[in-house]
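**Student:** Each chain is listed here by its residues.
2 protein chains.
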Amino acid sequence: MVKICFSQIDVEPSHPDLNVERMLQAIDEAKQNNTDIIIFPEMCIPGYLLGDTWEQTAFLKDCLSYGEDIIAASQDICIIFGNIAVDWDKKNTDGRVRKYNALYTAYNGKLIKPEKSPYPFVIKTLFPNYREFDDSRYFFSLQSLATELKLNLNDILSPVKVNIKGQELNLGCILCEDGWSDDYAFAPIDILCQNYKLDMLINISASPYTFGKNNKRHRVFAKQAKDNNIPLIYVNNIGIQNNGKTIYTFDGSSTVYDENGNIIATCPAYKAQNNYINLLGNDEYTPLPIPQNDDISNIYQALHYGIKKFLKNIRMQKVIIGISGGIDSAVASALYADILGAENITLINMPSKFNSATTKGLSSQLAHNLGCNYAIVPIQEVVDFTVNQFENTDITHLATNDVHKVQVSSFVKENIQARDRSARILAGMAASISGGFTCNANKAETTVGYSTLYGDQSGFLAGLADLWKYQVYELAHYLNEHVYKREVIPQGIIDIVPSAELSSEQDVDAGKGDPIKYPYHDYLFRAFVESWQKVTPEDILLWYSEKTLEEHIGCKAGLVDKYFATAKDFICDLERWWNLFTGMAVAKRIQAPPILAISRRAYGFDHRESQNGPYYTKAYKQLKAKLLGDNL
Amino acid sequence: MVKICFSQIDVEPSHPDLNVERMLQAIDEAKQNNTDIIIFPEMCIPGYLLGDTWEQTAFLKDCLSYGEDIIAASQDICIIFGNIAVDWDKKNTDGRVRKYNALYTAYNGKLIKPEKSPYPFVIKTLFPNYREFDDSRYFFSLQSLATELKLNLNDILSPVKVNIKGQELNLGCILCEDGWSDDYAFAPIDILCQNYKLDMLINISASPYTFGKNNKRHRVFAKQAKDNNIPLIYVNNIGIQNNGKTIYTFDGSSTVYDENGNIIATCPAYKAQNNYINLLGNDEYTPLPIPQNDDISNIYQALHYGIKKFLKNIRMQKVIIGISGGIDSAVASALYADILGAENITLINMPSKFNSATTKGLSSQLAHNLGCNYAIVPIQEVVDFTVNQFENTDITHLATNDVHKVQVSSFVKENIQARDRSARILAGMAASISGGFTCNANKAETTVGYSTLYGDQSGFLAGLADLWKYQVYELAHYLNEHVYKREVIPQGIIDIVPSAELSSEQDVDAGKGDPIKYPYHDYLFRAFVESWQKVTPEDILLWYSEKTLEEHIGCKAGLVDKYFATAKDFICDLERWWNLFTGMAVAKRIQAPPILAISRRAYGFDHRESQNGPYYTKAYKQLKAKLLGDNL
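Here the protein sequences line up with chains G and D, keeping their order.
So for the first sequence, the working numbering puts the first residue at 40; every next one is plus one.
So for the second sequence, the working numbering puts the first residue at 40; every next one is plus one.
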């Protein structure tokens with residue numbers, strides 16, 4: 040019988056001092072519990088998403104030095120942990136010093152070298168090269184090392200052998216992506232299991248949360264345990280890490296699978312915990328159900344955890360939210376009040392002459408329901424002053440001394456209002472209370488840049504920007520029903536037509552609002568950005584012509600005919616949004632606040648994009664011409 | 040004798056239609072000139088920095104279809120060009136369809152397959168995985184293919200054989216990074232040259248401009264030609280490409296080296312050109328000098344080309360620049376007036392009560408010298424109104440009905456001024472004339488976030504943000520002396536102390552200004568961001584203690600003693616800026632405008648960073664304690 044502690048710690052990226060302090064505490068506790076082996080997550084000393092901090096020599100040395108502290112703490116306990124490894128005599132392919140993403144095994148003050156490894160640690164074999172991952176930018180893989188040494192993986196991959204109470208154990212140790220090998224030429228687990236009789240598999244990970252991802256993980260990892268008829272221990276960290284533009288929560292959800300692929304122990308999501316299990320003995324465990332992870336409660340949990348932790352990291356205790364009487368700002372208000380306490384939230388309604396009594400009333404009602412701080416700061420005077428000032432300013436062309444003036448169009452006036460609200464009032468008020476103000480954009484708006492730069496698109500964090508509008512509504516219901524258990528978000532806000540109320544064309548009382556028809560466009564935009572092979576107008580138009588569009592993008596049947604009377608209308612709408620998505624919206628996203636990732640492809644440095652302008656393929660143009668009856 | 044055209048075309052990223060049109064024109068011209076072989080740059084059909092556009096199936100098919108057009112145009116001419124290649128039956132390691140960065144050779148309507156290649160094209164072997172490059176995210180390398188096929192590179196790398204006028208030629212064809220193999224386990228050129236008798240080397244590239252990089256390229260490529268005693272043709276594109284946050288110019292500078300490593304033909308930087316050369320015959324060429332590429336004239340050229348092209352791409356014809364009477368906005372004004380013509384530039388001076396008569400006068404003088412449009416739009420009224428409005432707004436805590444008000448500090452007032460200028464006036468005025476406004480930040484300010492978000496840090500482009508302050512001054516002199524050949528930037532602007540003039544503490548007439556001491560901090564900050572292995576406070580403090588700091592960072596001798604009387608002063612300054620650089624400045628850069636890259640590490644998506652807060656290593660803390668005489 041081997042007593043194992045899987046230690047789901049909270050990893051602070053770029054802060055080895057804090058991480059090692061937490062690890063030493065966990066080791067102490069495990070020792071007191073007579074643990075044989077304690078297992079920590081991948082890169083638990085340095086953190087994982089660090090950007091070019093990996094290029095700092097001093098930081099690398101510091102991580103190695105902290106690694107020594109952990110090794111020194113391994114008297115009478117076997118410690119498995121992730122850290123950077125450096126070979127100062129070799130180079131990465133960028134010419135910088137050789138770095139490995141490594142799994143160390145320390146026991147009685149010494150490292151245990153896997154039999155065939157050239158180093159006293161296990162090296163990560165497979166590097167994820169999609170979404171937010173940048174392993175191949177910084178680290179050298181075991182696969183590359185094998186190539187360099189003119190070996191194949193069979194010659195270099197081997198288990199970690201430890202002797203626990205006189206029993207020799209063969210531990211098949213891998214790192215994160217090594218367990219997700221379906222699309223690679225080699226599967227580290229298969230190589231290990233074919234060449235050795237293993238006692239268990241250990242996967243240490245730094246695996247960010249994605250809505251629904253754990254379902255797949257359970258399928259894949261349970262199968263690995265079952266196929267090889269040995270237990271598998273998956274240890275993941277909690278915390279948040281970011282690549283600047285995009286912030287990821289790490290949900291932990293560490294899990295032990297038995298040799299039949301049943302879940303026999305788990306750590307809860309987003310909770311630091313030492314959990315214990317006895318393996319290879321006579322202990323019997325009842326299989327646990329697969330934790331559900333694909334409904335709005337999981338999104339709520341990820342948002343709550345991620346925002347709370349982000350606020351803590353940037354030491355922000357007071358938050359200002361501009362509320363319009365619309366759904367996005369209402370959901371943001373309820374969420375932040377839930378996170379920080381209503382007393383730390385100031386809601387500000389900033390009416391112009393275009394704001395209806397309806398939305399002003401709903402704003403006030405929301406603030407009262409939540410018990411936040413509340414203020415009304417009107418914008419009309421400064422907006423009028425600004426338009427006046429502009430239109431009365433002499434602009435002199437000094438080469439000719441000609442004097443001219445500008446005319447401010449109604450479209451420009453809309454954006455002046457939005458910037459007045461955010462850059463003048465919210466930014467100034469937030470600074471005055473030493474706090475920040477939020478960006479309440481949803482993913483549909485963010486997709487097409489339906490927002491004003493330095494206006495409603497600004498803020499310290501865009502917490503809801505990875506949620507489609509339908510998910511914002513789901514979250515509103517969830518907050519009312521399950522979090523507050525009363526109607527804090529007034530039903531009127533849920534029912535009202537979404538509108539920016541920046542002109543008389545957007546009069547909510549007349550039922551006028553956003554040009555985005557969310558029940559259809561949410562799904563169209565989702566196809567653009569979240570599809571596995573990304574969808575473009577060519578695909579959309581083909582599906583439209585085949586009458587399979589709704590099925591393909593997943594929106595309600597009948598919507599296409601409802602919104603578009605003719606092919607021309609349809610194409611006009613499609614090109615409008617595609618032009619924005621790949622045009623002005625890219626420019627806006629470049630200057631957008633950081634986004635908290637929820638979906639399988641968030642904006643920022645997850646969905647990577649260049650400001651190259653819209654493009655239509657040959658095939659699209661041909662199909663369009665055919666549908667419109669034009670000759671090309 | 041073989042007549043070769045090296046075609047340095049302007050590549051528009053994500054616009055295969057435009058690129059193929061240009062290629063077909065170049066091919067026509069080359070045919071009329073009886074050319075045997077025409078060579079185009081790497082990825083000249085799709086472009087290179089496209090972000091996740093590579094995940095669009097329709098786009099991939101479109102590029103292949105345009106590739107067919109080029110193949111069809113190869114009657115009586117051998118065409119070498121770069122394009123994406125797709126194997127629809129295989130997968131990349133991310134599970135998406137297999138993509139290669141490929142060099143195609145078409146002749147008489149058919150592709151020529153390199154003898155040992157499994158495909159009718161050459162596959163890029165080495166992938167740059169630093170700075171802006173993302174090859175390993177999207178493409179599958181020849182090295183990975185060899186591993187997958189259980190071959191080594193000797194078994195799969197082979198030349199392209201073409202028969203020109205009855206003469207069989209062995210062309211050693213490689214792509215970009217394949218020629219920069221110093222840090223890799225394999226050198227494609229060596230493998231080719233060891234296994235085959237080649238007639239020439241051809242390197243097709245998509246190589247972005249970096250200040251000083253061409254010097255290194257000449258050394259490396261000349262040696263390759265000389266060592267192997269064959270000519271080498273390097274073909275690079277011009278144009279601009281971006282990864283969203285960072286914009287790169289491609290300077291072309293295509294070059295032919297003879298078998299002695301001499302330069303015998305070049306295309307000029309940033310100019311689309313078909314250039315011709317006869318090789319393997321009796322033509323004699325006089326060696327050309329190595330074009331100099333490391334003084335301010337090259338930076339000017341890159342900025343001029345890059346900004347002009349960016350403006351064209353986003354169809355911006357009118358630009359507004361807020362001018363303060365300081366050096367950054369003055370240089371921006373002179374540069375944009377040079378690019379777009381003074382008649383398309385509107386300079387706006389936006390004084391508050393803190394702006395001196397001196398800088399107001401200098402602003403006016405600058406505008407007159409350039410002959411731009413000029414306006415004065417004061418901010419004091421709205422700033423006062425805003426402070427007043429804030430301080431008189433009732434904020435009600437609705438849980439208790441307590442009412443409180445905010446106090447606006449002088450620091451907050453500074454930022455209110457900055458946001459009023461940019462978000463209210465410049466953004467509004469720019470929209471009113473259907474133009475954009477510039478961000479004039481330099482790299483020193485950008486490093487430590489000495490700027491206001493939604494204030495002076497905003498704009499459509501930060502054109503000077505990869506220039507240190509000393510380079511901004513060099514550029515000022517260059518513009519006066521070599522571009523305008525008269526003093527358009529007043530000497531007073533060059534001489535005045537840099538200051539934000541946001542409070543009475545920043546009174547230029549009293550010689551007060553920025554807290555950044557540029558002659559020292561420019562170099563300190565450069566060490567943080569541009570050093571090969573990045574420098575941190577640990578390195579800086581060590582060098583300080585050894586009295587080698589000035590030598591290490593390259594600033595003038597004597598400055599450290601001049602600025603810092605004691606070690607405590609020095610450490611206090613160091614930590615102040617490090618805290619900002621890795622703290623608030625990261626948050627600001629996340630929302631900064633796109634930056635035009637000049638240096639070997641620009642902000643944006645070149646220097647990649649996470650918002651993780653400042654960190655000090657163990658060794659730093661120990662050294663600090665020692666220097667301060669503290670006990671740890």
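It is possible that some hints are incorrect.
For chains that are exact copies, the list does not tell them apart, and a pair is met inside one copy or across any two.
List time: in silico DSS-like cross-link candidates among lysine-lysine, alpha-carbon distance up to 25 Å [stated by the list, open to error]:
no., residue 1, residue 2
1, K70, K556
2, K551, K444
3, K189, K155
4, K152, K556
5, K200, K149
6, K204, K310
These are computed hints drawn from the structure, not numbers from a lab.
**Student:** Now tell me if each hint is right for this structure.
**Tutor:** So, going through the hints one by one against the coordinates:
no.: 1; hint: K70 / K556; in the structure: neither (59 Å within a copy, 53 Å between copies)
no.: 2; hint: K551 / K444; in the structure: neither (33 Å within a copy, 36 Å between copies)
no.: 3; hint: K189 / K155; in the structure: both (14 Å within a copy, 20 Å between copies)
no.: 4; hint: K152 / K556; in the structure: neither (60 Å within a copy, 51 Å between copies)
no.: 5; hint: K200 / K149; in the structure: within (13 Å within a copy, 57 Å between copies)
no.: 6; hint: K204 / K310; in the structure: neither (31 Å within a copy, 73 Å between copies)
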